[in-house]
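Using the sequences and the hints, build the whole thing.
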Amino acid sequence: MQNETVIAGFGGQGVLFVGKVLAHAALEVGMEVTWFPSYGPEMRGGTANCTVIFSNEEIGSPQVLNPTSAIVMNQPSLDKYEDMVVKDGYLIVNTSMTNREVKRKDIHAVCLPATEIAEEIGDKRLTNIVMLAALIKASDFFGQAEMETALKKSLEGKKNDLVAANMIALQKGFEFRA
Amino acid sequence: MTRELWKGNEAIAEAAVRAGLQAYFGYPITPQTEALEYMSWRLPDLGRVFLQAESELGAINMVYGAACAGARTMTTTSSPGTSLMMEGLSYIAGTEVPMVLVDVVRGGPGLGNIAPAQGDYNQIVHGGGHGDYHPIVLAPASIQEAVDIVYQTFDIAEKYRTIVIVMLDGSIGQMMEPAEMPPMQEVRKVWPAWSASSTQGKRERNVLTSIYLDPKDMEKTNLRLMKTWQQIEKNEIRYKEYFMDDAKFAVVGFGSAGRVALSAVRAARAEGIPVGLFRPISVNPFPKQQILALTDKMDGFFVVEMNSGMMLDDVLLASQGRIPVEFYGRMGGVMPFPDEILREIRRLHAEGWKAEGHPRDRWLAKLEQIINEE
Chain Y
1 MQNETVIAGF
11 GGQGVLFVGK
21 VLAHAALEVG
31 MEVTWFPSYG
41 PEMRGGTANC
51 TVIFSNEEIG
61 SPQVLNPTSA
71 IVMNQPSLDK
81 YEDMVVKDGY
91 LIVNTSMTNR
101 EVKRKDIHAV
111 CLPATEIAEE
121 IGDKRLTNIV
131 MLAALIKASD
141 FFGQAEMETA
151 LKKSLEGKKN
161 DLVAANMIAL
171 QKGFEFRA
Chain A
179 MTRELWKGNE
189 AIAEAAVRAG
199 LQAYFGYPIT
209 PQTEALEYMS
219 WRLPDLGRVF
229 LQAESELGAI
239 NMVYGAACAG
249 ARTMTTTSSP
259 GTSLMMEGLS
269 YIAGTEVPMV
279 LVDVVRGGPG
289 LGNIAPAQGD
299 YNQIVHGGGH
309 GDYHPIVLAP
319 ASIQEAVDIV
329 YQTFDIAEKY
339 RTIVIVMLDG
349 SIGQMMEPAE
359 MPPMQEVRKV
369 WPAWSASSTQ
379 GKRERNVLTS
389 IYLDPKDMEK
399 TNLRLMKTWQ
409 QIEKNEIRYK
419 EYFMDDAKFA
429 VVGFGSAGRV
439 ALSAVRAARA
449 EGIPVGLFRP
459 ISVNPFPKQQ
469 ILALTDKMDG
479 FFVVEMNSGM
489 MLDDVLLASQ
499 GRIPVEFYGR
509 MGGVMPFPDE
519 ILREIRRLHA
529 EGWKAEGHPR
539 DRWLAKLEQI
549 INEE
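Line by line, the protein sequences are chains Y and A.
Per the numbering used here, the first sequence starts with residue 1, numbered consecutively.
Per the numbering used here, the second sequence starts with residue 179, numbered consecutively.
No lab work stands behind these hints: they were computed from the structure.
Virtual Cβ for every residue (Gly too), placed ideally from N, Cα, C.
Be aware that one or more of the hints could be misleading.
Listing some non-contacts, in silico: residues in chain Y with all C-beta distances to chain A over 12 Å [what the hints assert, rightly or not]:
#	residue
1	Lys-20
2	Gly-46
3	Ser-61
4	Asp-106
5	Ala-109
6	Cys-111
7	Gly-122
8	Gln-144
9	Ala-164
10	Phe-174
11	Glu-175
12	Phe-176
Quick list of the computed label-pair ranges, beta carbon to beta carbon [claimed, not checked]:
#	chain 1	residue 1	chain 2	residue 2	range
13	A	Met-362	Y	Asn-66	40 to 50 Å
14	A	Leu-542	Y	Lys-87	32 to 42 Å
15	A	Lys-418	Y	Asp-106	34 to 44 Å
Shown next, in the form of structure tokens:
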């Protein structure tokens, strides 16, 4: 079994970080995982994306044309990735930053005002974690406990003081009902 | 030991530190810079030498000096930096001192871009510096493999007193994967007998040089280098095979192209196509004997690279025209998707193998259309 998740948004929305959290969750359950960032000059202020692949066997290509899931944090990312997700895949949409409905009916779409939820918690930079939690809840890739461990691992060291707020964001994402 | 998430560039740096690296010299260049950055705090913390040189020319010549002194030494760079280091590499080869270079290859020629590519193959593998010499070139395809290889490179370099180059590309430098780090080796306290270290008045001085004004002396050195290379060709072949047991034909690809091909081969297998993957890890010495032996069992080789078909020439030489060879590549920092390789595998399976013309010409005839349709 292999899963590919593309996470896309503006530079500064924590696209690479949230990918790292997902990678830590896969590592936590003993899977193979590859975290592959877009690292071109387009990252500065433009769009950013990263691909996280986890699998039970040696991982081949670090990038895929058609991912099994996509977290899209803004309008350009929705426009780019909606058509790319495989049939029956997952599309997590940040409705706070997008201005249209999801067109496809053959995928599992979760649309949530993630930036607003993050602002209610007190920091819009938590948007990424809210959205990741929504993906995990919809897809059941990992359990909530594994996500909590992954989050702590990803924030080890200098960012340790951010754990509490991120845990709330994770909880809110899991609790979201459309 | 536990597996931890490592970024490629930092993982190779830590692996070198654990292999007893004593002195690192380098110059920042994307997509390699994190390796230099990591060394800049890690080595001083351990009381070892880190020095950011004024340029790649400075860095490689500092490596040359440290290698002559008998230190475990290395540098890391990316394509344009490697070009600047070529003169130094040739001198190091001529002086027969060991060193390790990691080239995180990017799109080129020229300033190019910072995206993953394999266009340095000919420069690295077939020796870009002047004169008769062969560096050992190893091309890992994952972070764990890169860690394991970098950890061994110093022993290999010292065994043969040669240059070992680890050829990565931008994707492996920038990605994160779990890796288990090998144990920390103690830094060597005794200098090698051949090194230009202090004689302490107890022995004759060692002279290390690459200048042999009398051609007869140079030729003796050339002969010694070539005899060493014969040993290396015998001992240092590395490769990995996937689905080869019952394969009717084989994809051949190294490094990142090899792992993209792995995804395509798995997908083809799921469709019942009897294809395997042969992934050279040592691209110099090249697994010629293995390729030749496979010509008895395979209907053809399908070479995949992120360049214009540089290893393709080595596969053609090794397979001696015994079976057809086909090629697919992307250049300039474009990484192929598995779907592109799968499309070609399906075509070969359905239509069979063509023998007329050169595989590079057949590929070039369709590349423009592929690019235009994207």
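For each hint, the structure was consulted:
1. At roughly 7 Å, the least C-beta separation between Lys-20 of chain Y and chain A is not larger than 12 Å, which violates its mark as non-interface.
2. Every CB of chain A is more than 12 Å from the CB of Gly-46 of chain Y (nearest about 15 Å), matching its label as outside the interface.
3. In this structure Ser-61 of chain Y is not separated from chain A by more than 12 Å, as the shortest Cβ-Cβ distance comes to only about 4 Å.
4. No beta-carbon of chain A comes within 12 Å of the beta-carbon of Asp-106 of chain Y; the shortest separation is about 19 Å.
5. Against chain A, the non-interface label of Ala-109 of chain Y holds: every CB pair exceeds 12 Å, the least being about 24 Å.
6. With a least CB separation of 28 Å from chain A, Cys-111 of chain Y remains clear of the 12 Å interface cut-off, as annotated.
7. Chain A leaves Gly-122 of chain Y outside its interface by the beta-carbon criterion, the shortest separation being 28 Å against a cut-off of 12 Å.
8. No beta-carbon of chain A is positioned within 12 Å of the beta-carbon of Gln-144 of chain Y; the least distance is around 21 Å.
9. With a cut of 12 Å on Cβ distances, Ala-164 of chain Y stays outside the contact zone with chain A, its closest approach being about 23 Å.
10. Against chain A, the non-interface label of Phe-174 of chain Y holds: every CB pair exceeds 12 Å, the least being about 23 Å.
11. With a least beta-carbon separation of about 28 Å from chain A, Glu-175 of chain Y lies farther than 12 Å from that chain, consistent with its non-interface assignment.
12. Here Phe-176 of chain Y stays apart from chain A, with its beta-carbon at least about 28 Å from theirs, past the 12 Å limit.
13. Between Met-362 of chain A and Asn-66 of chain Y the CB atoms are about 43 Å apart, so this pair conforms to the stated range of 40 to 50 Å.
14. At roughly 35 Å, the beta carbons of Leu-542 of chain A and Lys-87 of chain Y sit within the given window of 32 to 42 Å.
15. Lys-418 of chain A and Asp-106 of chain Y have their C-beta atoms about 38 Å apart, which keeps the hinted 34 to 44 Å range intact.
Checked against the numbered hints listed earlier, the structure breaks hints 1, 3; every other hint is satisfied.
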